[in-house]
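Peer 1: As a plain string of letters, each chain reads:
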Amino acid sequence: SQTIHQWPATLVQPVGSPLSLECTVEGTSNPNLYWYRQAAGRGLQLLFYSVGIGQISSEVPQNLSASRPQDRQFILSSKKLLLSDSGFYLCAWRAVAGARYEQYFGPGTRLTVT
Amino acid sequence: QKEVEQDPGPLSVPEGAIVSLNCTYSNSAFQYFMWYRQYSRKGPELLMYTYSSGNKEDGRFTAQVDKSSKYISLFIRDSQPSDSATYLCAMTYGNQFYFGTGTSLTVIP
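If you read the sequences in order, they're chains A and B. Taking the numbering used here, the leading residue of the first sequence gets 108, the next gets one more, and so forth. Taking the numbering used here, the leading residue of the second sequence gets 408, the next gets one more, and so forth.
The following block holds chain B by itself, in its conformation from the complex:
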């Protein structure tokens, strides 16, 4: 069993839609939960992070963590064509980072 599971998609939505991206994990010791955005042929960039269970909002993005269910989500409101990218969830334990396989998102104008 992988430590972090993420639906690879691909996901295709019309502009303005609400997007929901999800990951599950198995290690209850994970400390921080992050979402990275990766454009084609580029390195991933940190989008959001959370530490505790609950919601964290940043503009059109909301990160949600449910530690009891070992489940994290990223919601994108009013999605834009510029949001088209691969989104990777990630978690930390000690010095190491554990990544999901990424979900490919396309927002259609």
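Next comes chain A alone, as it looks inside the complex:
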């Protein structure tokens, strides 16, 4: 069966510090991978998605970046965090050969920028 992991679960970082959030998927190959941010009252905001290693599409221009160094690894980074980067970050995957409606989410990382 497939599982998705995210870490850390909770993070408190000062403004201006760097960020690295990691997501890994097990039990599937060549998944589509997604990073979302969820802020109160704003729903899920798609930040990045990837259809393969090294292939990243950015949906929102900001100080965040994403990388996919391995097939089932997706990393969200920032060089300098802003207060507005606080939120609940969710990684998700979708099987390329699977049903197009099936997207599975990880447990999330709650980031607080102070």
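These are calculated hints, taken from the structure and not from any lab test. Computed from a predicted structure; not experimentally measured. It is possible that part of the hints are untrue.
Stated by the list, open to error - Have a look at the derived ranges for each label pair, beta carbon to beta carbon:
1) B:SER435 <-> A:GLY161: 32 to 38 Å
2) A:PRO214 <-> B:ASP465: 21 to 27 Å
3) B:SER435 <-> A:GLN120: 20 to 26 Å
4) B:LYS463 <-> A:GLY161: 21 to 27 Å
5) B:GLY416 <-> A:GLN152: 16 to 22 Å
Claimed, not checked - A short, non-exhaustive set of chain A residues, derived as facing chain B with CB atoms under 8 Å:
6) GLY150
7) LEU153
8) TYR208
To be verified - Partner residues aside, some chain A positions facing chain B, computed with beta carbon under 7 Å:
9) ASN139
10) LEU151
11) SER193
12) GLY194
13) LEU197
14) PHE212
15) PRO214
16) GLY215
Here a beta-carbon is modelled for each residue, glycine too, at the ideal position from N, C-alpha and C.
Dock chain B against chain A, hints included.
Peer 2: Leaving out everything else, chain B in the frame of chain A:
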């Protein structure tokens, strides 16, 4: 205009009530229509999906799609306290998913 609009609530109902959750959308190219349930501080989980206009039933849950009106609904019958969560509608086009802002539901015992 957002592609997907959803009333954020919050919605509070007594146990056993019928709950109706709704979303409207603007893009007629959307292909699949889903409902996710998200418990506090957890990732969303897929609850139901539909493809065509009409109703789809799964236990106490019924998903309804009206493509002509660009309107989708989720009905929960005999609501339970364990149904208390945020419900997000979602739609797909290509590789992307478009989400509503979510409706917070509380079922009071």
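Peer 1: All hints, please: hold or fail.
Peer 2: Hints versus structure:
Restraint check, B:SER435 to A:GLY161: a C-beta distance of roughly 34 Å satisfies the suggested window 32 to 38 Å. Between A:PRO214 and B:ASP465 the beta carbon distance is about 24 Å. The supplied range of 21 to 27 Å therefore holds. Between B:SER435 and A:GLN120 the C-beta distance comes to about 42 Å, which lies outside the given range of 20 to 26 Å. Look at B:LYS463 against A:GLY161: about 38 Å separates their beta carbons, and that is not inside 21 to 27 Å.
At about 19 Å, the CB distance of B:GLY416 to A:GLN152 agrees with the hint of 16 to 22 Å. Nearest Cβ of chain B to the Cβ of A:GLY150: about 4 Å, under the 8 Å cut. The hint holds. Evaluation of the A:LEU153 hint against chain B yields a held restraint, the C-beta minimum of about 7 Å falling below 8 Å. Annotation: interface hint on A:TYR208 holds; nearest CB of chain B at approximately 4 Å, less than 8 Å.
The closest approach between the C-beta of A:ASN139 and any C-beta of chain B is roughly 6 Å, which is under the 7 Å cut-off, so the hint is satisfied. Contact between A:LEU151 and chain B, as hinted, is supported at the beta carbon level, the nearest pair being about 4 Å apart and thus within 7 Å. For A:SER193, the interface hint is violated, since its Cβ never comes within 7 Å of a Cβ in chain B; the closest pair sits about 15 Å apart. Because the beta carbon of A:GLY194 sits about 13 Å from the nearest beta carbon in chain B, more than 7 Å, this interface hint is broken.
The restraint placing A:LEU197 at the interface with chain B holds, with a minimum CB-CB distance near 6 Å, inside the 7 Å limit. This hint holds: A:PHE212 has a C-beta 3 Å from the nearest C-beta of chain B, less than the 7 Å allowed. With 7 Å as the threshold, the beta carbon of A:PRO214 comes within range of chain B, its nearest partner Cβ sitting at about 5 Å, so the hint holds. About 5 Å separates the beta-carbon of A:GLY215 from the nearest beta-carbon of chain B, less than 7 Å, and the hint is met.
In this structure, the hints that do not hold are numbers 3, 4, 11, 12, in rising order.
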